[in-house]
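Hints are included, so try docking the two chains, each in its own frame, into the full complex.
The lines below spell out each chain.
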Amino acid sequence: AQSVTQPDIHITVSEGASLELRCNYSYGATPYLFWYVQSPGQGLQLLLKYFSGDTLVQGIKGFEAEFKRSQSSFNLRKPSVHWSDAAEYFCAVELNYGGSQGNLIFGKGTKLSVKP
Amino acid sequence: EAGVAQSPRYKIIEKRQSVAFWCNPISGHATLYWYQQILGQGPKLLIQFQNNGVVDDSQLPKDRFSAERLKGVDSTLKIQPAKLEDSAVYLCASSFSGRSNTQYFGPGTRLTVL
Numbered sequence: 858a859q860s861v862t863q864p865d866i867h868i869t870v871s872e873g874a875s876l877e878l879r880c881n882y883s884y885g886a887t888p889y890l891f892w893y894v895q896s897p898g899q900g901l902q903l904l905l906k907y908f909s910g911d912t913l914v915q916g917i918k919g920f921e922a923e924f925k926r927s928q929s930s931f932n933l934r935k936p937s938v939h940w941s942d943a944a945e946y947f948c949a950v951e952l953n954y955g956g957s958q959g960n961l962i963f964g965k966g967t968k969l970s971v972k973p
Numbered sequence: 041e042a043g044v045a046q047s048p049r050y051k052i053i054e055k056r057q058s059v060a061f062w063c064n065p066i067s068g069h070a071t072l073y074w075y076q077q078i079l080g081q082g083p084k085l086l087i088q089f090q091n092n093g094v095v096d097d098s099q100l101p102k103d104r105f106s107a108e109r110l111k112g113v114d115s116t117l118k119i120q121p122a123k124l125e126d127s128a129v130y131l132c133a134s135s136f137s138g139r140s141n142t143q144y145f146g147p148g149t150r151l152t153v154l
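If you're matching them up, the sequences are chains A and B in order. With the first sequence counted from 1, adding 857 to any position gets you the working numbering. With the second sequence counted from 1, adding 40 to any position gets you the working numbering.
Same shape as in the complex, but just chain B (with noise of 0.2 Å):
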């Protein structure tokens, strides 16, 4: 059985400019997270969608940060525009439902703001 997918794997970009990240979760998996881990942090949850539909953005932050995730399947989280601090490993999890189910993991994509 296939992973979580995630592209690209690592990517520097300056500041100000944007970014775009993409998570291909596991077949027939409705629930896809985006968590945000910065160096020496446990992963922090950005959003969770319920199959198309957001469950959970309550820490994200909309002034720069959005995503979204088309027919219910791959979703992509956007930076535009980066700041400094925004420098973090980004990861996607998946799951067969939200509550109680095992969350599988992507590899995370590492993101560095110059």
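This is chain A alone, in the form it adopts within the complex (with noise of 0.2 Å):
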């Protein structure tokens, strides 16, 4: 069956350090692979995506992922963490066969906390 395991349920850093969130899924097709980003009482906002081509993927605001399909994983990276991406992050994968296309399967979330 189709998922996503973010091992880190809390995450905390100090503002100005690197952070990186661990995504790993288990999908037996080429996998369409998100991340998304949840501050509190808002909705999720897509921060980036990976369907092919380049395994490094750019996205909003210095984010960045990394897909290695040998690790089944899509770890999400940024160089240098601001006190406003305090916030959960979801990890998730596209359904994309038959009747199920489009759909997402979502991890369980990473809170990150950040550290002034």
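Don't take each hint at face value.
[Unchecked claim] Dumping the calculated BS3-like pairs for lysine-lysine here, alpha-carbon to alpha-carbon at most 25 Å:
#, chain 1, residue 1, chain 2, residue 2
1, A, K906, A, K925
2, A, K968, A, K906
3, A, K918, A, K972
4, B, K118, B, K51
5, A, K965, B, K111
6, A, K906, B, K55
7, B, K123, B, K102
8, A, K906, A, K965
9, A, K965, B, K84
10, B, K55, B, K123
11, A, K965, B, K51
12, B, K51, B, K123
13, B, K102, B, K51
14, B, K118, B, K102
15, B, K84, A, K968
Don't read these hints as lab results, they were simulated from the structure.
Here you go:
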């Protein structure tokens, strides 16, 4: 069955430090992968997506993610975290077969706290 | 460009009562999704519409949940009767079409069932 695992429930980093959020997926076909961010009381906002091609994808707000097929991973990175990045981050895989085209399977999320 | 609109933002009801949520997608978006997000978890798809037809409702608890999308635009999600475990945030999303298209999410409706 398709699934997404985000091993870290909560991460705290200092402002200005680098960040890496982990995501592992289980999916039989070539995955379409996404990272979304959710601030308190807000809906989800797309940070970046991977469909094919270059395995390093750039997103908004200075985020990037690298697709590694051999490790079934799609980790999110940012070189220098800002206090405004404090939020919850969700990794997702898109189902792209049969009648479930476009449906997203989400991980449980990683909550990011930023220390001043 | 206006985003996905949802109302109400918050709703508190007692178990066995009924409740309805409304969603207005981005103009021109053919695909509309309803997700349920329980505290501490990621969103889970309940139902997907393509225009006014249902594409996938395999995870919708049909004994108590129903949804419709009249005229292929606005949508309503109803719960009747509500259970305690239905307490969650209900998110609506829309995309231009289904596959490989970015889904844009509304702010959600937070439902508390007492």
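**Request:** Sort out whether K102/B lies within 25 Å of K123/B, counting only the CA atoms.
**Result:** Between K123/B and K102/B the Cα gap is close to 14 Å, so the pair holds against 25 Å.
**Message:** Given the hinted pair K55/B and K123/B, is their Cα-Cα distance within 25 Å?
**Reply:** 5 Å, holds
**Prompt:** Given the hinted pair K965/A and K111/B, is their alpha-carbon gap at most 25 Å?
**Reply:** With Cα atoms ~34 Å apart, K965/A and K111/B exceed 25 Å; violated.
**Asked** Does K84/B pair with K968/A here, judged by a C-alpha cut-off of 25 Å?
**Response** It holds: about 18 Å lies between the C-alpha atoms, which stays within 25 Å.
**Asked** Does K84/B lie within 25 Å of K965/A when you go C-alpha to C-alpha?
**Response** With a Cα-Cα distance of about 10 Å, the restraint between K965/A and K84/B holds, given a limit of 25 Å.
**Request:** Take the C-alpha atoms of K118/B and K102/B, compute the straight-line distance between them, and say whether it is at most 25 Å.
**Result:** 10 Å, holds
**Request:** Given the hint that K102/B pairs with K51/B, test it: the Cα-Cα distance must not exceed 25 Å.
**Result:** 21 Å, holds
**Asked** Are the Cα atoms of K918/A and K972/A separated by 25 Å or less?
**Response** This hinted pair holds, its Cα atoms lying about 19 Å apart.
**Prompt:** When you check the alpha-carbon spacing of K906/A and K55/B, does it fall within 25 Å?
**Reply:** Measuring from Cα to Cα gives roughly 39 Å; hence the hint is violated.
**Prompt:** Does the alpha-carbon distance linking K118/B and K51/B stay inside the 25 Å limit?
**Reply:** 13 Å, holds
**Message:** Would the hint linking K906/A and K925/A be met if the CA-CA limit is 25 Å?
**Reply:** Between K906/A and K925/A the Cα gap is close to 14 Å, so the pair holds against 25 Å.
**Asked** Is the Cα-Cα distance between K906/A and K965/A 25 Å or less?
**Response** The given pair, whose Cα atoms are some 18 Å apart, holds under the 25 Å limit.
This entry does not satisfy hints 5 and 6, going by the numbered hints stated previously.
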